Amino acid sequence: MTAISRLLRYVLGYKLLLFVALCCILIVSGCALTFPWLIKGLIEDALNKKELFRLNIILSVALAVAIIQAVSQYAHSFIMNYIGQSILFVIRNQIFARLTHLSMKFHKDSRCGELISRTINDVNILQNLIVSGAAVLIKSPFILIGGICIIFYIHWKLALLTIIAAPFIAVTIVQIGKRMRQITHQIQEKMADVTNILQETISGISIVKLFCAEEIELKRFSGENEKYFHLYLKGIKLMVLSGPLVWLIGIAGMLMVVWYGGYEVVHGRLTPGALMSFVAYLLTVSRPIQDFSQANILVQQAAAASQRIFELLDTKLTVEELPDAFEMRDIFEGTQEANSRRQEAEFRIQNTEKTEDRRQVGEDLCVCPDKQEAEDRVLNPEPRTLRGKVGADLCVCPDKQEAEDRVPNPETRNLRGKIEFMDVSFIYEDTPVLRGINLQIDPGEVLALVGPSGGGKTTLVSLIPRLYDPASGVIRIDGVDIRDVTLKSLRKQIGIVPQHTFLFSGNIAENIAYGKPDSSIEEIIESAIAANAHNFIIALPSGYDTPIGEHGVRLSGGERQRIAIARALLKKPGILILDEATASLDTESENLIQSALFRIMRQQTTIIIAHRLSTIVHADRIITISGGSIAEIGTHDELLSSDGLYKRLYEIQFESLG
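Counting from 41, one number per residue, gives the positions in the sequence shown under the working numbering.
Calculated directly from the structure, the hints in this document are not laboratory data.
It is possible that some hints are incorrect.
[Claimed, not checked] Derived EDC-like pairs: lysine to aspartate or glutamate, alpha-carbon spacing no greater than 16 angstroms straight-line: (1) Lys148 to Asp509; (2) Lys145 to Asp364; (3) Lys532 to Asp558; (4) Lys274 to Glu229; (5) Lys230 to Glu266; (6) Lys267 to Glu229; (7) Lys259 to Asp233; (8) Lys528 to Glu360; (9) Lys145 to Glu360; (10) Lys528 to Glu367; (11) Lys145 to Asp509; (12) Lys687 to Asp677; (13) Lys145 to Asp470; (14) Lys259 to Glu229.
This structure is a prediction, so every number in the text was calculated from the model and none was measured.
Could you put the whole structure together from the sequences, leaning on the hints where they help?
Here's what the structure looks like:
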């Protein structure tokens, strides 16, 4: 299916409005064809016969026709603009939705300016076709066909003479249209380059100024802008050439018609009024031919633009949900269903050997360390809390209180947080990044990842929320393959503080509550206090309502980082990932946040990526990653006692401090 055919499917979604617009344009076309006939009547019946009454009647009819044409034209234009804007609204939303769902790999490989250009500039080109071109393509055929029929009725010999120019006009329109599509594609590609440089320069304006690179960036922008300018001029030449060329061919044909028509009038075979009417109809017919020429250019431009748009919409998702993916969440049922859940639990425990992995189980179940413990548990008839989707090691907690202790609150903890990497490998651009990672992270454990830059630490944690999918291997959370659950439910369980903080335009409260927009102000303040951000926030003129500017430019790096930490903590995630979370903080703020974080870490499974090794000495385990593989695993003391990579990194850091 061609790009234009796909675009037509959007238009056909407004069939009723299209029908009304079609009726309006038929009326406009009929009115346009009426005026030349009125001219014939005006000359032959009113002026030649000198009848004032007929003159008044004809002019009154002409006025009425003009009013009807104007009203119909207005209605048609409004409807087509409404349809056009509605379609563009849908397409922009589809592009935006697609961009937000495409994988991180796609965004790393794509230029921001290119994506912006497709979303804005290419869509605007479609607007020209839908609003302006569609009217021409609908109206012109009616006027053209109607006009040709009338001129054949007036004088068929003159009409045949007129058709001689048609092949020349058709060839001109087709050839110019083909060239226009090619140039339009080049123009849009170059506009993407210009937009990309503009976006990069504005985003990195501080670096540009610090390195005195204003002239360098201006030269770079000016170079691409000049290329765009020359390409656009090529397109303009074709656009402005098309209309005059078609008009010139048409005028040449018309002069031939006028000469032959005059010859017929002189010999009494044609009346002057009929000749004037014929010429008027020729002018009426020539207008849609010129319009066709311009509309063809719009079609070719839209074909190039829609091709780029649909390429984006058709981009394959590399991280997809399975059709039968389920929600990663616990189910907290009422007392009335407790007995049936308990019976199901008894049956499952008795058949532990047969229980399938990733089975969704009932309310009275929790995960136990081994099968024997599961069999030794004693069922309690009181309603309890579902512990998750687990495999063979199922049990029932001995009492309700223990169940509640294991899962603090259905609103704050939705999973236990056991993470398993099973022979996980990852490849990026044919380069191995991770190789055969086998790792189990226990619920509530604080695990630190250290190692040289580029070793694969950030990539490893990015696999947990499925920002990427591994090339091979399996990642499980609480015994469930993360590919079996919905992306939304998985990512809601994970809080991340990235290495490079990103804040959105808006105020501080909105940024903290970004992942949970229905949060109360009390929850927002609680998270800010935990991140050591509350004191500096309330010192601002508008407190939590203080606008932070684009990317948080009105805040310091440390302040932005603390808001990012508060944003992650507000979700109360079962899994917390800190990727150099305190790297932008001063020593005092770092110490305060470290103590707060380690207190909070005990409430969920936490993974810390750190280059500053002093920040992770209290982690339960430390893993060194080098070259995409696990080099060492142990506590801080254990790794220092061995002569390995961690000890060398530690000594290098503290020697530099000393």
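We went through each hint and held it up to the structure:
A threshold of 16 angstroms between alpha carbons decides the hint, and for Lys148 with Asp509 the separation of about 15 angstroms falls inside it, so the pair holds. Using a Cα cut-off of 16 angstroms, the hinted pair Lys145 and Asp364 is violated, with the two alpha carbons roughly 25 angstroms apart. In summary, the hint linking Lys532 to Asp558 is supported, as the alpha carbons are separated by about 14 angstroms, within the 16 angstroms threshold. Taken as a hint, the Lys274 and Glu229 pair is honoured in the structure, with Cα atoms around 15 angstroms apart against an allowance of 16 angstroms.
Straight-line distance between C-alpha atoms of Lys230 and Glu266 comes to about 10 angstroms, which keeps the hinted pair within the 16 angstroms bound. Pair hint Lys267 plus Glu229 holds up; C-alpha atoms about 11 angstroms apart against a cutoff of 16 angstroms. At most 16 angstroms may separate the alpha-carbon atoms for a hinted pair to count; Lys259 and Asp233 meet this at roughly 14 angstroms. Taking the CA atoms of Lys528 and Glu360, the gap is near 11 angstroms; set against the 16 angstroms cutoff, the hint holds.
The suggested pairing of Lys145 with Glu360 holds, with an alpha-carbon distance near 13 angstroms, which does not exceed 16 angstroms. At most 16 angstroms may separate the alpha-carbon atoms for a hinted pair to count; Lys528 and Glu367 meet this at roughly 8 angstroms. Taking the CA atoms of Lys145 and Asp509, the gap is about 10 angstroms. The hint holds against a cut of 16 angstroms. Our distance criterion of 16 angstroms between C-alpha atoms is met by Lys687 and Asp677, whose separation comes to about 10 angstroms.
The straight-line distance between the Cα atoms of Lys145 and Asp470 is roughly 13 angstroms, inside the 16 angstroms bound, and the hint therefore holds. Straight-line distance between C-alpha atoms of Lys259 and Glu229 comes to about 19 angstroms, which puts the hinted pair past the 16 angstroms bound.
Going through the hint list in order, the structure does not satisfy hints 2, 14.
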